[in-house]
Every structure is written in structure tokens, then in C-alpha cells.
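Q: Residue-level listing of the chains:
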Amino acid sequence: MMHHTHDDGAPIKDCRGAMNKLFDLLDGELTPEREREVRSHITSCPDCFTNHDFEERFLKALQAAKKSVCASEKMRDRLMSALRAEGLTR
Amino acid sequence: MTEELAPPTDEHAEFSALTLTALDDVYRFARSLTRDEADAEDVVQETYLRAFRSWRTFQPGTDVRRWLFTIARNVFLRSRERGQREVTLDDDGAEAVDAAQSKEGWVRRGLDPLLARTDLAPAIQQALEEIPETFRSAVVLVDLEDQSYEDAAQVLEIPVGTVRSRLFRGRKLLQEKLALHAQDLGLISTPGPDRSDA
Numbered sequence: 031m032m033h034h035t036h037d038d039g040a041p042i043k044d045c046r047g048a049m050n051k052l053f054d055l056l057d058g059e060l061t062p063e064r065e066r067e068v069r070s071h072i073t074s075c076p077d078c079f080t081n082h083d084f085e086e087r088f089l090k091a092l093q094a095a096k097k098s099v100c101a102s103e104k105m106r107d108r109l110m111s112a113l114r115a116e117g118l119t120r
Numbered sequence: 043m044t045e046e047l048a049p050p051t052d053e054h055a056e057f058s059a060l061t062l063t064a065l066d067d068v069y070r071f072a073r074s075l076t077r078d079e080a081d082a083e084d085v086v087q088e089t090y091l092r093a094f095r096s097w098r099t100f101q102p103g104t105d106v107r108r109w110l111f112t113i114a115r116n117v118f119l120r121s122r123e124r125g126q127r128e129v130t131l132d133d134d135g136a137e138a139v140d141a142a143q144s145k146e147g148w149v150r151r152g153l154d155p156l157l158a159r160t161d162l163a164p165a166i167q168q169a170l171e172e173i174p175e176t177f178r179s180a181v182v183l184v185d186l187e188d189q190s191y192e193d194a195a196q197v198l199e200i201p202v203g204t205v206r207s208r209l210f211r212g213r214k215l216l217q218e219k220l221a222l223h224a225q226d227l228g229l230i231s232t233p234g235p236d237r238s239d240a
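As you go down the protein sequences, you meet chains A and B in turn.
Count along the first sequence from 1, add 30, and you get the number used in my numbering.
Count along the second sequence from 1, add 42, and you get the number used in my numbering.
Heads up, some of the hints might be wrong.
Just some of the chain B residues that point at chain A, by a computed CB distance under 8 Å [claimed, not checked]: (1) E83; (2) P155; (3) L157; (4) L222.
Taking lysine to aspartate or glutamate pairs in the EDC-like style, the calculated list, with each CA pair at most 16 Å apart, reads [claimed, not checked]: (5) A/K104 x B/D81; (6) A/K104 x B/D66; (7) A/K90 x B/D188; (8) A/K104 x B/E79; (9) A/K96 x B/D161; (10) A/K97 x B/D161; (11) A/K90 x B/D161; (12) A/K90 x A/D57; (13) A/K97 x B/D66; (14) A/K97 x B/D188; (15) A/K104 x B/D84; (16) A/K96 x B/D188; (17) A/K96 x B/D66; (18) A/K96 x B/E171; (19) A/K90 x B/D154; (20) A/K104 x B/E83.
Just so you know, the hints here were simulated from the structure itself, not pulled from any lab data.
Note that the structure is predicted; figures quoted are calculated from it, not measured.
Quick reminder that beta carbons are idealized off the backbone N, C-alpha and C, glycines included.
With the rest of the complex left out, here is chain B (with noise of 0.2 Å):
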């Protein structure tokens, strides 16, 4: 077992330079991890305390985002073993996004309106809260934190190809939400059975 050191005071401006710029989006990540802002904090305080005591780990000159974000993740991963199984399935969500597909036509009239709407942010983070995990962290690493592709295969330890399919479905299910929320706001109908919009 490897034993964890704080590194010496010269490097702590260091560590605090680097990573507490990166806070927002570490507490996003975790946001969307976890769905719930308590559960959040403790990841991105954990998160941090683990980067701390392995700041001589980091590679100097790679991406200390992505780094914490692993972390962040597999704090993540271990605290939810604790509770319930982990969920993996990538086809988590696929009849879901089947179904919004099938509705395309009529998800792109309902956000056509919305997106011309400047007070979308908060309709946006609840879809996230409603589209699966394995989705959501895909979408909110590549979209939100500007991730690429290979960036997000790392963080999320899967198949750049997975990254790819579960964006495309992650942001189908959003698509859905919103146009859902577009039709709670009366810009659209409800989609009917007879519609032409496959």
C-alpha cells in the first residue's frame, strides 16, 4: 500500500495555484455526479484532500483538470459502493433514447423557442439531474468542462468510441427533457400518437 505524503510548503503555493482555480468546475463535476449538493461538497473536499496528499503524483504540464476530475470520480465511485451497486451499463437509458428519437421533430420545435431564451441554465441543470449517470458525466465533462473526447475517455475509463455514443445519447435525453419542459411552458403541444415526426 503506498503511503500518502503532504508535499513540503514549497510546493503548497504550487498545489494552490493549479487546483483551486479549478474549484467550480470540480464542484459541477461532482454536482452531476451526485445530484445533490451536500453529496457534492463531500466529494469535492475529499477530491481535494486526496490531491493534496498526492500533489507529487501530478505530472507537471498535463492537464490538472482532468486529474482532479479522476479523482473526483473515483471518490465518487467509492462512496456510492458503500450505498448501492455501481451502475455500468452503457445501455442505460437506450429505450429512453429511442423514444426521444422517435420524437425528434417535435423536440426540435419545442426548443427551437427555448433556445432563443436567455434564462435556459436553470431548465439545462435540471435535465442533467434527469438524464442517467452514465450519460450525464459524458455530457458535462465534453460540454460543460470543455473536455475532449480523449479527456473524458480518461476521467471516465472508458473507450474514447463510449464517450462518443453516450454524448450523442446523453444530449438526445436532454433534447427531450427540455422540449418537455418547452410544452410545460406552452411553446409546444404534447406530441400525439398520429404525428409524422419519425
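Looking at chain A on its own, in the form it has when it is part of the complex (with noise of 0.2 Å):
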């Protein structure tokens, strides 16, 4: 996934600092250098650790989540019949 960055700047000072980014980190949304100062703080404080390990296992659930919705056959054909009433040939 090719992301964007978006990021305001201000330098990683603290657990605070760091967990304000820590969406923007997992979401892939940090520019190379700024992540590389949050995982570095991520990984000397265990306090943002802990919480690093968990919204990552809950992002992971949530996307593994996404395979079990997915369009039926009858939705599949009822799309393809009125597509090729609009005239869709192929």
C-alpha cells in the first residue's frame, strides 16, 4: 500500500508524543524518518510497547474481519443482468 504522510513536525518527546502517532505509525502514514523516532521509542518504553503489541492485533483482526462479508451469487448474477440490460456485452 502506497500512503501519503501526514505529519505535523513536532518532535517525539515523550510516551505522549509517541502514542499520538501511533495510529499514523500503523496506519503506514509516517514519513521514513519520523517513524524510525517513534519505533525508537516504542521499543525502549515498555508502557508504549504494550500498547503498540495491542492496537496492532486489533487493526490485524479488524482487517482479517473483512473476509467474511463478501457479495453473494444471487447479488453477483442480479448485477450482471441488469449490466448487461445497460448493455454491457462482455
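Now that you have both chains on their own, put them together as the hints suggest.
A: Rendered as C-alpha cells:
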């Protein structure tokens, strides 16, 4: 996934600063430099490491849940019929 | 008013190849908007019909899923305008988010054992349907459909900073819903008023 980055440029001074960037980090929205800075804090701070681990597992569970919802065959058939009625030939 | 024309036959294969592979993604997004299977199918069908009629306006090389998500959201908003007011409040659910954050320790204790389970998808889908649409759309686009903040901002027609705040709120609300699910399963007890989780 290619993401643009959005960063306010404020230095990461403490846990609060790192945690403010936690979701940006997990979502791949940080610049490489800022990512290194946040990761450096997280790996050296037990509390932030725990928070990072928790949120990462939560986001992975969300990502995995997408597989449980998909369009039914009936829906696909209905859609293809509608598109053909509209002129779709292939 | 712009007249929409179906693309010529030689473009049909391209339309099918590019858009139909995203059908599950568009359906999931529509389902998250409507929270109803039949309504979601109507949104998907209308989305694809509009996409087909407007295929010549699609810019090759751009993200076809983002384009379809944008159309789907517009179809949904148009259909909802006919029935009820549009919900555009960024603060929608703000009190619930505050409440969720005040119980963060309890939420985390509930989710820790829950996240280790393999049958979490139904609970997550249920929790997604229970949070306000404002937050649900951002969560579905970024967390389930792998859209960047920038792409989600374009689909939802909001600033990137608003995507970020809606994501944060949506995720915290989801976590609280899932913690309640963990409580129902007996994995944690009810949060007491005198707990020091805040």
C-alpha cells in the first residue's frame, strides 16, 4: 500500500508524543524519518510497546474480519443482469 | 446536464475486468453504509450502473476502487436524502468515545483475550454496525479496504485530519463494543464505578 504521509513535524519527546503518532505509524502514514523516531521510542518504552502491540493486534483482527463479508452469487447474478440490460456485452 | 452514455463494446471488457474484481470491496463498503443486506445490494447495483455509464470519465491508472467507493457513497447519500436527513456531524458519538476512553483499561482487559480468538469476525461485523456511520465509513475504508488517509478523505469529501480523528474515534468505539462482547462471553466483569482505569 502506497501512502502519502501527514505529519505535523513536532518532535517525539515522550510517551504522549509517541502515542499520538501510534495509529499513523500502524497505518503507514509517517515519513520514514518520523517512523524511525516513533519506533525508537516504542521499542525502548515498555508501556508504549504494550500499547503498540495491542493496537496492532486490534487492527489485524479488523483486517481479517473483512473476509467474512462478500457479495453473494445471487447479488452477482442480479448485477450482471442489470449491466447487460444497460448494454454491457462482455 | 451531462448526458451519460454507455461505453462502446471494446471498452466493455476493460470495465468488467477492472471493476468486477472490486465487487466484494464495494459490497462491503455499501453494507457498512446501509447496515442492511438488501439496501447494500441496491447501492452496489446502482453504483455499477453509474460506473458503467460513466466509464469514459474514469482516469486510467487511478485507483478504480476509490472511484467506485466514491460513487457508492454518493448513491447512498442520494438514497438517504429521500428518506431522512444526512448525518454530517463530526461530533456524532463524541460522548460515547469519551466514555470508551474513560474505560480504556477495562476495554483492554476485555479485548486482550478476545483478540486471541479466531472466531472474532462476526463480533467485529456486529460492532461495526453499532457505531455511527460517520466513524464506520472511515474505519471500513482504511482498516478493511486498505485505503490511505488521503484516499479515504477523497471518498468521504473531508479533510485528512478529519479522517484521522474519525478513525481514532471509530476504533475506540469499536474496541468498547468488542469489550462488551467479551463481557457477554464472561471474559471480563462489568466495569465498576470505582475502578481506576481512567
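Q: State for each hint whether it applies.
A: Hints versus structure:
{"no.": "1", "hint": "E83", "verdict": "5 Å, holds"}
{"no.": "2", "hint": "P155", "verdict": "11 Å, violated"}
{"no.": "3", "hint": "L157", "verdict": "5 Å, holds"}
{"no.": "4", "hint": "L222", "verdict": "15 Å, violated"}
{"no.": "5", "hint": "A/K104 x B/D81", "verdict": "14 Å, holds"}
{"no.": "6", "hint": "A/K104 x B/D66", "verdict": "13 Å, holds"}
{"no.": "7", "hint": "A/K90 x B/D188", "verdict": "12 Å, holds"}
{"no.": "8", "hint": "A/K104 x B/E79", "verdict": "12 Å, holds"}
{"no.": "9", "hint": "A/K96 x B/D161", "verdict": "13 Å, holds"}
{"no.": "10", "hint": "A/K97 x B/D161", "verdict": "12 Å, holds"}
{"no.": "11", "hint": "A/K90 x B/D161", "verdict": "13 Å, holds"}
{"no.": "12", "hint": "A/K90 x A/D57", "verdict": "11 Å, holds"}
{"no.": "13", "hint": "A/K97 x B/D66", "verdict": "9 Å, holds"}
{"no.": "14", "hint": "A/K97 x B/D188", "verdict": "13 Å, holds"}
{"no.": "15", "hint": "A/K104 x B/D84", "verdict": "13 Å, holds"}
{"no.": "16", "hint": "A/K96 x B/D188", "verdict": "11 Å, holds"}
{"no.": "17", "hint": "A/K96 x B/D66", "verdict": "9 Å, holds"}
{"no.": "18", "hint": "A/K96 x B/E171", "verdict": "13 Å, holds"}
{"no.": "19", "hint": "A/K90 x B/D154", "verdict": "13 Å, holds"}
{"no.": "20", "hint": "A/K104 x B/E83", "verdict": "10 Å, holds"}
The structure does not agree with the numbered hints 2, 4 stated previously, though it agrees with the rest.
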